[in-house]
Amino acid sequence: MGDGSRRATDPWDEALRRHVAGAPGGEPQPPRRGVRLGVPWLVALGVAVAALAGAAAYLGWVADENADRAERWRERSILLQDLVADRTRALNRQTARLNAAADRVQEARDLIARSEEDVAALELRQRELADEKAQVEDERAALIGVATRLEDCNEGLADLLQVVASDLPVPPAEVDRVAAACSSANQAVAGYVGRYGGG
Amino acid sequence: MTGRLALLLAAAALLAAGCGPVEAPPERSPAAVAPEVAAESPAARGVTEVRLPVLSRDGFQRRAAAITVRVRNLTCAGLGTGSGFAVDSSTLITNRHVVAGADLLEVNTADGRSFDVTAAEVGVLGDIAFVTVDGALPVAADLSGRAEPGAEVAAVGYPQGGPFTLSRGVVIDRVDGTPFDVDGPILRVRAEVQPGNSGGPLLDRRGRVAGVVYAIEIATGLALAIPMATVDALLERAGTTAVPPCGSP
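As given, the protein sequences belong to chains A and B, one line each in that order. Going by the working numbering, the letters in the first sequence line up with residues 1 to 199, in that order. Going by the working numbering, the letters in the second sequence line up with residues 200 to 448, in that order.
The set of hints was computed from the structure by calculation and includes no laboratory data. Take the hints with a grain of salt, since some may be wrong.
Here are the simulated lysine to any residue pairs, SDA-like style, with alpha carbons at most 25 angstroms apart [as the list claims (entries may be wrong)]:
#, chain 1, residue 1, chain 2, residue 2
1, A, K133, B, P220
2, A, K133, A, R195
3, A, K133, B, G368
4, A, K133, B, R436
5, A, K133, B, R373
6, A, K133, B, T317
7, A, K133, B, D315
8, A, K133, B, G300
9, A, K133, B, P224
10, A, K133, B, R404
11, A, K133, B, L365
12, A, K133, B, T377
13, A, K133, B, D431
14, A, K133, B, A339
15, A, K133, B, R261
16, A, K133, B, A276
17, A, K133, B, I417
18, A, K133, B, G446
Some chain A residues flagged as far from chain B (calculated, every beta-carbon gap over 10 angstroms) [to be verified]:
#, residue
19, Y58
20, L59
21, R72
22, D118
23, A121
24, L157
25, L160
26, Q162
27, A165
28, N186
29, V193
C-beta: ideal position from N, C-alpha, C; glycine also.
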């Protein structure tokens, strides 16, 4: 709403206009008096003033404290900035070391891989040689077996020859034993030749 | 008028409450927040102490070869070979039939060493034998292996007296060994084995000995192995005896 409409409806303004215009019929107005505040109002006003004073003091203290703390925060931020810079430099150094170590590890892995291939090849060759050695030892053992049987055969034949040479009767059992030994020796020789060749 | 005053006081109170001092910085030294890592500290040195992967691309076979030996047996009937595996620095396990009738027993390792045998005994029950050599065997086997049906295993040995081989396979089942001359449960394994593998170890996936290969089932071609638990039970039950001489059953 505008001011004009409020003025038109304000009874005080209407009475004033009538008084200025001297219009007859207007009621006489009582003389205006000063406002007197009671005790409760005074107490309330005092409390309000005290509260405002307290608030002002508190806010002043807060402002002062905040200024002090802001200064400490600023100092701390400077320290932390320096610290971050130091840590960044340290991190960079560590990163450089890590990269160098990673390069060394990669080189080591490559070397190990090559070494592993060499070792695998050597192991294979070692097993081949071990097998060749075992085969030779097998042949030697087989020869020992053959030799043992030939020896048994020879000893038996020698014993029989001695008996024959001394014109003593030859025990048939002894002949059979020597024949069996020589047969076994022949079989052993044949087995050896069959397995390892006669050359 | 009273309402306005109360409103004013409330606003002042709110203002005062919202205008407290800001938080003070912590008392700790900033340096303590993130202490610098010295280059000589363990953490820094740790950068160069990188754990490398397993170096051997076939460590399983390498270890299997180290524990497995070749047994040479010269008997009155001729020369025979088998396999075995070390259980300590001078003792190995093989099969009874590998050492039976021995006039001469010798042992070869995969790396080419040869050992004379100083003593041999066979299990009273089961196709098991213990052989003692006069030197230090390369590596003793881990005998804690277990192989259940379906488990991946490897039969290791010297088939036909030839070079060392490792044959991977799988355990088919665990059956009663009585029809196969073993008084206890045995394993049937689908793995390529031949004469000469006898006495060799059956290894589990971790390279531990789970059994002793001792025969081939003719009907199926499956390898037969005596589990280590059965070996222990047979030895505990009946012990060992001398190697039977050549020509004995």
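These are the hints, each one checked on the structure:
no., hint, in the structure
1, A:K133 to B:P220, "violated, 92 angstroms"
2, A:K133 to A:R195, "holds, 16 angstroms"
3, A:K133 to B:G368, "violated, 29 angstroms"
4, A:K133 to B:R436, "violated, 39 angstroms"
5, A:K133 to B:R373, "violated, 38 angstroms"
6, A:K133 to B:T317, "holds, 21 angstroms"
7, A:K133 to B:D315, "holds, 15 angstroms"
8, A:K133 to B:G300, "holds, 24 angstroms"
9, A:K133 to B:P224, "violated, 82 angstroms"
10, A:K133 to B:R404, "violated, 31 angstroms"
11, A:K133 to B:L365, "holds, 20 angstroms"
12, A:K133 to B:T377, "violated, 39 angstroms"
13, A:K133 to B:D431, "violated, 34 angstroms"
14, A:K133 to B:A339, "holds, 23 angstroms"
15, A:K133 to B:R261, "holds, 19 angstroms"
16, A:K133 to B:A276, "holds, 23 angstroms"
17, A:K133 to B:I417, "violated, 32 angstroms"
18, A:K133 to B:G446, "violated, 29 angstroms"
19, Y58, "violated, 6 angstroms"
20, L59, "violated, 6 angstroms"
21, R72, "violated, 5 angstroms"
22, D118, "holds, 12 angstroms"
23, A121, "holds, 12 angstroms"
24, L157, "holds, 20 angstroms"
25, L160, "holds, 22 angstroms"
26, Q162, "holds, 26 angstroms"
27, A165, "holds, 31 angstroms"
28, N186, "holds, 13 angstroms"
29, V193, "holds, 13 angstroms"
Hint check: violations occur at hints 1, 3, 4, 5, 9, 10, 12, 13, 17, 18, 19, 20, 21; the rest are consistent with the structure.
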